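2 protein chains.
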Amino acid sequence: MAVTRRSFMHGLGVTGGAGLAYGAMASIGLAPTAAAAPARARGGQGMADLIGRVKGSPKVVILGAGPAGLCSAYELKKAGYDVTLLEARTRPGGRVHSIRRGTTETDLDGETQTCTFSKGHFFNLGATRIPQSHITIDYCRELGVEIQTFNNQNANTVVHYGGDTPLANNSVKYRAAKADTYGYISELLQKATNQGALDQVLTREDKEALSEFLSGFGDLSSDGRYLGSSRRGYTSEPGAGLDFGTHTEPYAMSDVIRSGIGRNFAFEFDNNQAMTMFTPVGGMDRIYYAFQERIGAHRITYGAEVTAMRNTPSGVTVEYAVDGRSRSVDADYLICTIPPNLVPRLRTNLPADVIQAHRAAKPFAAGKLGIEYSRRWWELDQRIFGGASNTDKEIGQIMFPYDHYNSDRGVVVGYYNFAKSHEVFEALPHKKRLARAVAQGAEIHGPEYAKNITSSFSGSWRRIKYSESAWASWEGAGDSHGGVATPEYKKLLKPVERIYFAGDHLSNAIAWQHGAFTSARSAVSAIHQRVMA
Amino acid sequence: MAVTRRSFMHGLGVTGGAGLAYGAMASIGLAPTAAAAPARARGGQGMADLIGRVKGSPKVVILGAGPAGLCSAYELKKAGYDVTLLEARTRPGGRVHSIRRGTTETDLDGETQTCTFSKGHFFNLGATRIPQSHITIDYCRELGVEIQTFNNQNANTVVHYGGDTPLANNSVKYRAAKADTYGYISELLQKATNQGALDQVLTREDKEALSEFLSGFGDLSSDGRYLGSSRRGYTSEPGAGLDFGTHTEPYAMSDVIRSGIGRNFAFEFDNNQAMTMFTPVGGMDRIYYAFQERIGAHRITYGAEVTAMRNTPSGVTVEYAVDGRSRSVDADYLICTIPPNLVPRLRTNLPADVIQAHRAAKPFAAGKLGIEYSRRWWELDQRIFGGASNTDKEIGQIMFPYDHYNSDRGVVVGYYNFAKSHEVFEALPHKKRLARAVAQGAEIHGPEYAKNITSSFSGSWRRIKYSESAWASWEGAGDSHGGVATPEYKKLLKPVERIYFAGDHLSNAIAWQHGAFTSARSAVSAIHQRVMA
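Residue numbers (my numbering), protein chains in the order written: chain W, 6 to 538; chain V, 6 to 538.
Think of the hints as simulated: they come from the structure by calculation, not from any bench.
This one's a predicted model, so the numbers in the text were calculated from it and none came from an experiment.
Please note: incorrect hints may appear among the correct ones.
As the list makes no split between identical chains, a pair holds if one copy fits it or if it spans any two.
To be verified - In silico EDC-like cross-links for lysine to aspartate or glutamate, where the CA-CA straight-line distance does not exceed 20 Å: (1) Lys124 / Glu502; (2) Lys212 / Asp260; (3) Lys436 / Glu273; (4) Lys212 / Asp169; (5) Lys495 / Asp228; (6) Lys425 / Asp204; (7) Lys60 / Asp211; (8) Lys196 / Glu213.
Could you build all of it, start to finish, from the sequences and the hints given here?
Structure, rendered in C-alpha cells:
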C-alpha cells in the first residue's frame with residue numbers, strides 16, 4: 006500500500022506536475038522516512054495531506070483567514086502543527102464574501118451599507134463559481150460542503166451591444182445569436198469548400214466529412230444554406246394539435262457578422278468557465294465556515310489588525326492590534342496571506358526588494374451589485390432561469406440567481422464588471438450605483454428591471470477595507486490571471502528566512518480560490534519539508 | 006383589469022398562438038360571458054386556468070393518471086368539474102417514473118425487477134429534463150415542486166466513436182473536441198476569407214468583423230492558425246508558483262475533421278436541450294405526486310384496468326377491472342390519455358377510422374439502465390460532475406448523476422438509447438443488459454466502470470405494461486417529435502361525440518411532458534367551451 010502510494014507519487018514527479026491527484030503536491034514535503042498519510046475517509050484524489058506528522062508541534066502564525074490562510078492552517082493542523090490565525094475582519098473568507106441579511110460594510114469612503122435581503126437570499130460579492138477541475142471541489146468534498154450547479158451558460162439570456170452596427174442596442178437571445186452565427190459561418194465555410202478554395206489543405210475525404218459536420222452544426226438546408234433554425238427559439242412555443250409555435254426569423258448574414266453578437270461565445274469554452282460549473286449551496290462562504298470549524302474557531306483571532314511582522318534570530322514575531330490594544334505573537338514560522346498591495350504598509354524587516362515586489366501586484370478594480378426583487382420577472386416574463394446577460398455597457402453583465410427558482414423573490418447581480426467599466430461605479434455612493442445600473446439594465450431587459458426592487462447592496466473591492474483590490478494584476482503581465490512569472494512574482498515564491506507568502510496572486514489561477522489553495526499548499530509543503538528535513 | 010386581460014388575450018389570438026403567456030391557451034374555452042379567472046396567487050405567466058366556473062359540476066372521467074390525465078383533472082377540478090381518474094398502475098406519472106428503492110416492475114416477458122438503490126438515490130426511467138420554455142416549469146411553480154439544474158452539457162464528459170477514422174475508439178473530452186473543431190473551422194474560414202474566396206458575399210467590412218470573431222471563437226494565433234488552446238483543458242491543472250499546468254496537444258486538423266468528434270455538438274443548441282435545463286429535486290415523479298395531492302387521491306382509482314369506453318346517448322360509460330372485479334362508471338365527458346397503441350385493444354363504439362388512426366402511432370423503442378456505484382469514480386478519477394458522454398456504441402450515452410455530488414455513491418444511467426440501439430437491450434433479460442452495457446461503458450470510461458456496482462435496474466418502454474411504447478412515432482412523420490400533422494394525428498384532435506383524446510402524441514412536443522400538458526389543456530379547454538356555450 007505504502008509502496009503503491011510512493012510509486013504513484015514518483016510517477017507524478019516524473020511528469021513534473023501535481024497531476025490529477027492533487028495530493029501529490031504535498032509530496033514536496035515528503036521526507037523519505039515519513040510515514041504514509043492515513044487513507045482518506047472519503048477516498049478520491051488524495052487530498053493534500055502533509056505526509057508525516059511533525060513532532061513537538063512547531064508553531065506557525067498565519068496572517069489572514071481568507072482561502073489561502075485557512076487552507077494553510079487546515080493542512081498544517083492535520084500534520085500536527087500549532088497554528089494561530091490573525092484576521093482583521095470579523096469573519097472568515099476574505100474576498101469570498103456572501104452578502105446576506107445583516108451583512109454590514111463600511112467602505113474606505115466611509116459609507117456604510119447594511120444588507121436587508123430576505124432570509125435565505127444572498128449574492129457572492131467575491132468568488133461565485135467553481136470549475137470541475139479546481140481543487141476547490143475537493144475541499145468541498147473533504148469539508149462536507151454541499152455543492153450545486155452554477156448556471157454559467159443560459160441560452161435564454163441576452164446579448165446587448167451598442168455602437169452603430171445593424172443589431173446595435175438590441176437584446177438578442179443567446180440562442181438566436183448562436184444559431185445565426187453558427188449557421189452563417191457554416192454556410193460560408195461550406196461555400197468556400199465547395200468552390201475549391203481550400204483544396205490545398207483539405208482532401209476530398211476531409212471535405213466530405215467537413216460538409217457533414219457543417220450541415221448539422223449550422224442547421225443548413227440541403228443546398229448548404231442557413232435559412233433560420235428552431236434553435237433560435239420560438240416567440241410562442243409549439244404545443245398541442247396544430248399549434249406549431251411561432252418561429253423567429255434569422256437576422257441577415259451581414260448584420261450578424263458586423264454586429265458581433267457572437268463576441269462572448271468563447272466565454273463558454275474557457276477552461277475555467279465551461280459548464281458544468283459549481284457553487285456551494287447557500288453561498289461561497291460556506292467553505293470558509295467549514296474550514297473554521299475544522300481548524301477550531303479558538304485558533305483564529307478576528308478583528309486583529311496586523312501592524313508588523315519580523316524575522317527574529319529564532320523565529321518570527323508579529324504585532325497586531327485588537328480593539329486598539331497592541332498585542333504580539335511569536336512563532337517558528339509565518340505565512341503571510343495579506344493582500345500584496347497592503348504588505349508594504351506593515352512594519353517589517355523584509356528586504357527592500359521584497360517590499361518592492363509586493364508593490365508590483367497592482368490592485369485590480371472589480372465589484373458587484375446585488376439587487377433584490379420581490380418578483381422574479383426574469384423567470385415569469387422572460388423565461389430566464391439563471392445565467393447571465395452580456396453587454397458592452399458599463400455594467401458588463403447581469404447575473405440571474407441560481408437559487409430559489411420559481412419562488413417569489415430573488416437577488417440579481419446588476420453588474421459584475423472590471424477595470425474602467427467598474428471604476429465608474431467604484432466612484433459613486435451606493436444609491437447612485439444602483440440608479441446607474443438599473444437604468445442600464447432596463448435598456449437590456451425592459452421596464453420590469455426598475456420595478457419591485459426591495460433592497461440592494463454593492464461592493465467595490467478597491468474600496469473595501471483589508472482588501473483594497475479585487476485581485477492582483479502583476480506589473481508587466483498584462484492583466485493576466487497567471488502564466489506570466491514576472492521577476493517580482495518569482496521573488497515572492499521564496500520565503501524570507503521564516504516568512505512565507507501565499508495567496509492567489511502567487512499562483513496561475515489569480516482571482517480563483519484554486520489559486521489561493523494551491524499557493525497555500527505550496528507554502529505549507531515547503532515549511533513541512535524544512536521541518537521534516 | 007378584466008379588460009386588460011381580454012385585450013391581452015385578443016392580442017395573443019391575433020398572433021395565432023398561445024404566446025409566451027400559456028394562460029392564453031385556456032382562452033380557447035373562454036365564453037364571452039365568463040368571468041375572468043381570479044388572479045393567481047404566485048403571479049406569472051397566467052397559468053391555464055379555465056376561465057369561468059361551471060355550474061352543476063359536470064362529470065368527467067379521465068383514463069390514465071400520467072401527465073396528460075393528471076393535468077386534465079387538475080385544470081377541470083379548478084373550474085368546478087367532478088373528475089374521476091382511472092389508472093391501471095398503482096402510482097401516478099405514467100411514463101414519468103423515478104426508479105428508487107422499492108420500485109418493482111414485472112415486464113411483459115415476465116421478468117420482475119425490484120430496485121435496491123440506497124436511500125435517496127434514483128434515476129428517471131422516463132422524462133428527466135425540462136427546458137426553460139416548457140409549461141412544465143410553470144406547473145412546477147404552481148404546484149410548489151422544487152426544481153434544480155439538470156446538467157445537459159459538460160465539457161469534462163467524453164465523446165467516443167468507432168470506425169476506422171484516425172481518432173476512432175478514443176475517449177476525447179468534449180472540451181478538447183470542441184476546442185479543436187472550433188479552432189480548425191475558424192482557421193479554415195479565415196484562410197478562405199483571406200484568399201478572397203468569399204468576396205462575392207462578404208464586404209471588406211464583413212471580412213474584418215468575421216476575422217475578429219473567428220480569432221476569438223477559434224482561439225487562433227495572430228497569423229490565423231489554430232495551434233491548440235487551454236480550452237482543451239490540462240492533464241495537470243495550473244497551480245501555484247511556477248506550476249503552469251500540463252497542456253494537452255491538439256489533434257491534427259484532418260484527424261479532427263475526418264473523425265467527426267464534433268458530431269454531437271448540435272445537441273447543445275437544440276431548442277429543447279440547450280442549457281439551462283431543469284429537473285425536480287428528488288425525481289421527476291415529484292410533479293405527479295404534487296398533482297395527485299391537489300386533485301385528491303380519492304378521485305384516482307389505481308389498479309383500474311380499463312376494458313371498454315363508449316359514447317352513450319347521454320354521455321359516456323367506461324368499464325374497468327380492479328383486482329379482477331368488473332366495474333363501470335358513467336360521466337358526461339371522457340378524456341382518454343391511454344397510450345394510442347393500446348386504445349385499439351379496448352372495447353369501444355368508436356368509428357373504425359378512429360381506431361385505425363390510433364394504430365398509426367407506432368410504439369418507439371427506448372429505455373434506460375440505472376447502475377448504482379458505491380464509489381463516484383467519475384468525479385474522483387475523471388472529474389466529471391454530471392452531464393453525459395456520447396458514443397455510437399449501442400449504449401448511445403452514459404448519463405452521470407445530477408445529484409449527491411461529492412458523496413460516496415450514485416446512480417449512473419448506463420444507456421439511454423433508441424430504436425435499433427435500444428432493441429438490442431430490449432431483447433435481453435436485465436442481467437445481460439447490465440453486462441453488455443458495462444462492457445461498452447468500460448471501453449469508454451475505463452475499468453472503474455465495471456467496479457463497485459452495488460445494484461441496477463433497467464426498463465424498456467415497449468416491454469413495460471400499460472405503456473408498451475416509449476413514445477409515439479407517427480406513421481409518415483419520420484420519427485419526428487412534432488410538426489408533421491399526419492391525417493391520423495389530425496383525426497384524433499377532434500372528439501368522438503363526448504370522448505376526447507389527449508397525450509404528448511397529440512402535440513408538437515412528443516416525448517416531452519410539455520406535449521402532454523398542452524394536449525391536456527387543449528382537451529379540457531374544448532370541453533369547457535362546450536359546457537359554457
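Evaluated hints:
no. : hint            : verdict
1   : Lys124 / Glu502 : neither (48 Å within a copy, 54 Å between copies)
2   : Lys212 / Asp260 : between (28 Å within a copy, 12 Å between copies)
3   : Lys436 / Glu273 : neither (33 Å within a copy, 40 Å between copies)
4   : Lys212 / Asp169 : between (37 Å within a copy, 17 Å between copies)
5   : Lys495 / Asp228 : neither (57 Å within a copy, 31 Å between copies)
6   : Lys425 / Asp204 : neither (46 Å within a copy, 38 Å between copies)
7   : Lys60 / Asp211  : neither (65 Å within a copy, 70 Å between copies)
8   : Lys196 / Glu213 : both (13 Å within a copy, 18 Å between copies)
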